[in-house]
Amino acid sequence: HTSNPATEDSSWFAMEYLPGQYDQRADSAEQAIQLVVGYKPSIRTGRLFVFDKLSPTDMDKVKDYLINHVDSQEKDLLLIEKPSVPLPTEVPTIHGFTELNEVSLLQFHKEWSFSFDLDDLKFIQDYFIQENRNPTETELKVLDTYWSDHCRHTTFLTELKDIQFQGNFAQKLEEVFERYLNLRKELGREHKPISLMDIGTIAAKYLRANGKLNDLVITDEINACTIEIEVDVEGEKQDWYLLFKNETHNHPTEIEPFGGASTCVGGAIRDPLSGRAFVYQAMRVTGAANPLERIEDTLEGKLPQKKITKSAAKGYSSYGNQIGLATSQVAEIYDPGYKAKRMEVGYVAGAVPKNWVRREAPLPGDRVIMVGGKTGRDGVGGASGSSKVQDETSINTLSAEVQKGDAVEERKIQRLFRKPEVTRLIKKCNDFGAGGVSVAIGEIADSLHINLDKLPTKYAGLNGTELAISESQERMAVVVEAKDVAAFIEHASQENLLAVEVAEVTDSGRMQVYWRGEMIVDLDRTFLDTAGTQKSMNATALCDVNEEKKNTTPLTLEQFKKELGKLNVASQKGLIENFDSHVGRTTVLMPLGGKNLKTPSLASVNTIPVLHKSTTTVAISTWGFSVDLANKNPFLMGGYAVVESLAKLVASGGNHKNARLSFQEYFEKLGADAVKWGKPLQALLGALEAQLAFETAAIGGKDSMSGSFENLHVPPTLISFACAVGELKNIISPEIKSE
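Position 457 (the sequence shown) corresponds to 457 in my numbering; numbering is contiguous.
Hints were generated in silico from the structure; no laboratory data involved.
Take these hints with a grain of salt, some might be off.
Said to hold, decoys possible - Each pair of labels, with its calculated beta carbon distance range:
no., residue 1, residue 2, range
1, Pro420, Ala486, 16 to 26 Å
2, His191, Lys110, 30 to 40 Å
3, Asp64, Ile732, 40 to 50 Å
4, Arg25, Tyr65, 14 to 24 Å
5, Pro19, Glu186, 30 to 40 Å
6, Leu181, Asn655, 26 to 36 Å
7, Asn210, Leu728, 24 to 34 Å
8, Asp239, His612, 12 to 22 Å
9, Ser614, Thr556, 47 to 57 Å
10, Ala486, Leu87, 25 to 35 Å
11, Ala170, Met59, 56 to 66 Å
12, Asp673, Leu118, 12 to 22 Å
13, Ile732, Leu564, 22 to 32 Å
Idealized CB from N, CA, C, for every residue including glycine.
Let the hints inform the model, and build the full structure from the sequences given.
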C-alpha cells in the first residue's frame, strides 16, 4: 500500500490467505510478470476493507463474518512477511508400534485421530509383525487415507447381519428385501456379504445378466459411469462413450464454502476426464438450512448458513464458468437437518469418440506420468477428514484439509485430452482426488516404484508424508509405454502443462514409495487391497407411516401466498443466474424459460460436443429427490427419487428405457445404532424396487456417511441422477406455449 487508509472517520482491516493456501490471483500475477521479465517472482495478495466508523463490537462482528480462519487470517499492513521455509524433517519410523498392547493401541489410535477404527489398527499391527518391522509415519497416514470411507466406501461395504423390519410398513420392506435375496440366489451371490453396496448395485448386475444393460462399458477405470452410444455427426453414425458422474464435497464446503464447492465441481470433472472424455455439461443440487437465519443464531463452531450458501454458489459457479462448463440445472433444497452439515453435490457429463480411447493393463516397465498442478499442503488429510464427524472445534483445526481449485489448470488438461494423438498414448489414467499420490498412483497398478523427489511442488519444505497424501487439485496420473514418455510430455508442454515421470510399473507385488533416496512406504498389494477388516453391523428398518388426512379447508389467497413464500417453493432465479448455462454452444434447454424467464426447466439437455461438426444427438440429465418424503419414509424417498428423475427425463423428450442412473447417498453418521443403519437400508430397498420396475439401473454413485454435528443429523438423502441419449427434435421445454 502507498498510504495509510486509517482516518478518524473510518474503520478498516486487511486479510490474506494463510501460508500454504493456493492463491489464484497471486499465481496469475506471478505468471504475467514472468512473461514480461523472464523470471517468476514471489507474490502474496490480500484485501483491504474500509468502512464508515464502526464500534469495536461491530468491527469484531464484521471480521468474524468475513474472515474464515480455516483458510485466512487478518493481515498487519505494517509488516511485509516472507514465509519461512523450514527444511523438511526425515520421515520417522514408529518405534515400538508392533509391541503395543491393547490399552496402548487404543491410546495410540486416539492420539493419531485415524479415520479407520481400532480393529483396523490391530490388523495393521499384525501385518507389520509379520513383516518383522515397525511402520513409518507415512505408511500409517497412507493406510488411513487409502482405507478411508471416502476412498473405500467402508460404511457401504459393512456386512449387515441381524436385519429386522419394524413398524406398520414392515411388510412392504420385507417383501422387497425378500426379492433382493432371490436376486442374490439367481445371480449366485449368496456367498457375498449382505451390504448397502450389494443392495445398491444388484439391480445393475441382474439387468446386465438378463441383457438389459448392453450399453454398459465394463473397465478397470471405474471413475465414472460409462455407456456406449451412437452419435449422429452430420448424417454419419459414430460410436462414442458417454460418461457421467456425481460428486460431493459436503465436509470441505461446510468449513470453507468457496474452496469446497469449487473443488466439488473440479473433482467431478476429473472423473470423466480421466476416461479421456471432454466434460461439457453439469448440474448442481445442494442442501442447506435456512439462509435467512440471523447471524447471531449461528451455532458455535459453524459458519453462518447465509455465508455458506452464498460463498458455495460463488465457488462452484466461479470454477464452472472459468473452465467452460454449461451448468443448466441448479437447485437448492432447504431443511433444518442440513445445518448438521451442508450438502454440496455436483453432477457432470462428458463424451469422447470410442476410437480415441485405448484401455490396456499396465505392464512392468510402463511409466506413470503426473500431469497438471503442483503439490502443496492444501488437502492433506482431506479424504480421511471427510470421513469423520465434524465437531465444534473442526472449524479451527482443519485448515490443512481445505483445498483451493485452479480452473485454468484443469481447463488445460481438458484441452490436452481433446487431442486423439494424446489420448491414444494413454494405457490407463486416474485422477488425483482424495488421497493424492498414494491413491491416484497407488490404484493404477498392482506393483509400483514411486519417486516423490520428482514431484513438482508449490513451495519448498514439504516432507515425504505430505508429498504422499496431499490432495492438491488439477492433477492426473497417466500410464504410458516407456517409449511414449517424451511424446506425452511434449504434448503437455504445448498446453503449458507440467508433466513429469514419477513412477514405474514393476512386478514386485508391492507399492514402494521413495523420498530422498529412502523407501518410506513398502506395502504388500494384497494387504493394501483388503481395505482393512471386514466390518459387520445390525440393521433395524423402523418405519411407521401415518395415514395423512385430507385437507378439506378451502384454499384462500393468503394460504396460497404463504405456500409460495416457503423456501422450497420460492423462485431460485437469483441463484441460477450465477451459473453460465450456455458456454460451449451445446445447451439445448436454458435453465429458465418462458416470456419472463421464470419457468424452470426439468432437465439439463446438451448436444454431444462434436469437434468442428454438428450433431442432433443430445444427452439428457435429470435428478430426483424429495426432502419431505425423506423425513417421513426413507423407503418411499428412495423409490420416488428414481421415479422423479425418470419422469423429468420423459417429460423433457427422453426415453426412460435408455436411461441409466447414478445415486448420491448422504446420511448421518451411523455408528453402531441399528435403527440408523436401517435408514439407508430402507432408501436403497425403495430405489431397488423402482429400478426393477422400470428395468433400468444405477451403474454408479457416491456415498457420504458423516452428516452429523453433535445432536444434529442430515435428513436421509438419496438423489437419483438419470442420463439418457435422445434426439434434438424430440426435446420438450416446460413453459406454456402460445400454440
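The hints, checked one at a time:
Between Pro420 and Ala486 the CB atoms are about 19 Å apart, so this pair conforms to the stated range of 16 to 26 Å. The beta-carbon spacing between His191 and Lys110, approximately 37 Å, falls within the hinted interval of 30 to 40 Å. Range check, Asp64 to Ile732: Cβ separation about 49 Å, and the 40 to 50 Å hint holds. Between Arg25 and Tyr65 the CB atoms are about 21 Å apart, so this pair conforms to the stated range of 14 to 24 Å.
Between Pro19 and Glu186 the C-beta distance comes to about 58 Å, which lies outside the given range of 30 to 40 Å. One distance hint, 26 to 36 Å for the beta-carbon pair Leu181 and Asn655, holds here, with the actual separation near 31 Å. Range check, Asn210 to Leu728: about 31 Å between beta-carbon atoms, so the 24 to 34 Å window is met. The given range of 12 to 22 Å is respected by Asp239 and His612, whose C-beta atoms sit roughly 18 Å from each other.
Taking the beta carbon of each, Ser614 and Thr556 are about 53 Å apart, inside 47 to 57 Å as hinted. For Ala486 paired with Leu87, a C-beta distance near 33 Å keeps the hint of 25 to 35 Å intact. For Ala170 and Met59, the hinted distance range of 56 to 66 Å is satisfied, since their beta carbons lie about 58 Å from each other. For the hinted restraint 12 to 22 Å between Asp673 and Leu118, the CB-CB distance of approximately 18 Å keeps it satisfied.
Range check, Ile732 to Leu564: Cβ separation about 25 Å, and the 22 to 32 Å hint holds.
Of the numbered hints listed earlier, the single one contradicted by the structure is hint 5.
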